[in-house]
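Could you put together the complete structure from these sequences and hints?
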Amino acid sequence: MIKVETKSFIPIYEQIKKEIKNRISQGIFKANEPLPSIRELATQLLINPNTVARAYRELEQEGFIYTRKGKGCYVSDNSSSLVKDDNLNLLTQLIDKTIEEAKKLNLNPEEIKRLFEKRLEQAWGSEEERGKE
Amino acid sequence: MNEVLRIENLSKKFGRKSVLKDFSMSIEKGKVYGLLAKNGEGKTTLIRVIMGVIPPDQGELFYKSQKIKFNETSYKKEIGYIPEESIFFSWMTIKELLNFNASFFPTWNAKKADDYLERFSLEKRTRIKNLSRGMKLKLGFMVALASEPEFLILDDPTSGLDVPTRQDFLKGVIEEILEGGTTILFSTHLVHELEGIIDHLSILHQGRLILDQDFEEVKSSVKRVRLKFDKNIPEKLELEGILTERKDGPCKELVFYPWNEEKRERLQALRPASMEIESLTLEEIFISFVS
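Protein chains in written order, with the numbering used here: chain A, 1 to 133; chain B, 134 to 424.
You may find that some hints are simply not true.
[Unchecked claim] List of simulated lysine to any residue pairs, SDA-like, C-alpha gap at most 25 Å:
| no. | chain 1 | residue 1 | chain 2 | residue 2 |
| --- | --- | --- | --- | --- |
| 1 | B | Lys356 | A | Lys71 |
| 2 | B | Lys245 | B | Leu294 |
| 3 | B | Lys262 | B | Ser292 |
| 4 | B | Lys244 | B | Tyr208 |
| 5 | B | Lys164 | A | Ile99 |
| 6 | B | Lys361 | B | Glu395 |
| 7 | B | Lys361 | A | Ser8 |
| 8 | A | Lys69 | B | Glu308 |
| 9 | B | Lys244 | B | Glu205 |
| 10 | A | Lys104 | B | Lys209 |
| 11 | B | Lys364 | A | Ile99 |
| 12 | B | Lys162 | B | Glu395 |
| 13 | A | Lys103 | B | Glu398 |
| 14 | B | Lys209 | B | Leu194 |
[As the list claims (entries may be wrong)] Here are a few chain B residues that face chain A, going by a calculated C-beta distance under 7 Å:
| no. | residue |
| --- | --- |
| 15 | Ile307 |
| 16 | Gly329 |
| 17 | Ile330 |
| 18 | Ile410 |
| 19 | Thr414 |
These aren't lab readings, by the way, just hints derived from the structure by calculation.
Positions of the beta carbon are idealized from the N, C-alpha and C atoms, including for glycine.
So this is what it looks like as structure tokens:
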């Protein structure tokens, strides 16, 4: 179920876009499958249909979904690779921000790298172990 | 322009208290307007003047470009009005009330009325005097929607309702928008409920309209800026459009309207150690404008 938070400072249409992209990346929405209609989503989320329409319009312009005349919106063929690129971009921004903070704290690249590796190990096991999978 | 309602230079006093001061506003067809104001700052007065419940001291109203005289009723057939507290003849049964309204509104949709009765679990033979406050609110909502209004005015309709019933209300409002063309003026103190619904935001403060703009535009032009300084914290910022300002040790927090690139550059020139820019929720935007 797609959810939006009306007490958030993130615009609702951005939240809808993000929710749909997440579902594409998790494989819940698959290529060439239909998305919920604007009517369905608007009455379920209690938001203005124009807001849903805007989210869908932008997702279409960005290539994630396409419209079939009179039938509604569908997930694009290459949507999952687009979402992957999107996620990598997002992660790059987060890493840049972290590096910026680390600089202010006078940490050097070697220290940052070591720390990063340690956190990855915590999450997924050591590099050797990851290689075995 | 496709204008449903125009209010020109409206003034209204109660005794010595001036509630609306030279107030002007235009409402465009098919849009959803959020009307926000603090308590006692003229929201309900404005709506009552629009509905011809009370006369203005000065000013004019135009409905679809036609000037409205006080006591005129014809334009009200196209308006669905949901006040905080609907007043009905308490001796009537729901069925009698529906017949009564059907005779007044030429566009009355009996099927829609029946659908809502079922959704709200109201029975036609119940007498209005036996209904609870919440049920009366539902009835008021249903009567307003069943008249297929071109223009729907909601004056804090969800106050005092439980969450599921409020959601039923909002769903009804969304369905009206989906049917197309309905213009809505929505006033509520549950501000966050408007976040996903409105196209346009109007803030009434001390009798005047201090904000009247497309909501997406408002969202992108009101920004909160957090500045942190290592040294030389500037005492006063010579910048226009600061809505609120707060100092907390080496940090300064400012809300700007309208925010723009020039302001960002000028703040950057003060060489802060860090600068964060974020958007605000509708609730925060409202507070920033009226505090």
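Verification of the hints:
no., hint, verdict
1, Lys356/B with Lys71/A, "39 Å, violated"
2, Lys245/B with Leu294/B, "22 Å, holds"
3, Lys262/B with Ser292/B, "21 Å, holds"
4, Lys244/B with Tyr208/B, "23 Å, holds"
5, Lys164/B with Ile99/A, "45 Å, violated"
6, Lys361/B with Glu395/B, "19 Å, holds"
7, Lys361/B with Ser8/A, "24 Å, holds"
8, Lys69/A with Glu308/B, "23 Å, holds"
9, Lys244/B with Glu205/B, "29 Å, violated"
10, Lys104/A with Lys209/B, "64 Å, violated"
11, Lys364/B with Ile99/A, "23 Å, holds"
12, Lys162/B with Glu395/B, "35 Å, violated"
13, Lys103/A with Glu398/B, "23 Å, holds"
14, Lys209/B with Leu194/B, "13 Å, holds"
15, Ile307, "5 Å, holds"
16, Gly329, "3 Å, holds"
17, Ile330, "5 Å, holds"
18, Ile410, "11 Å, violated"
19, Thr414, "5 Å, holds"
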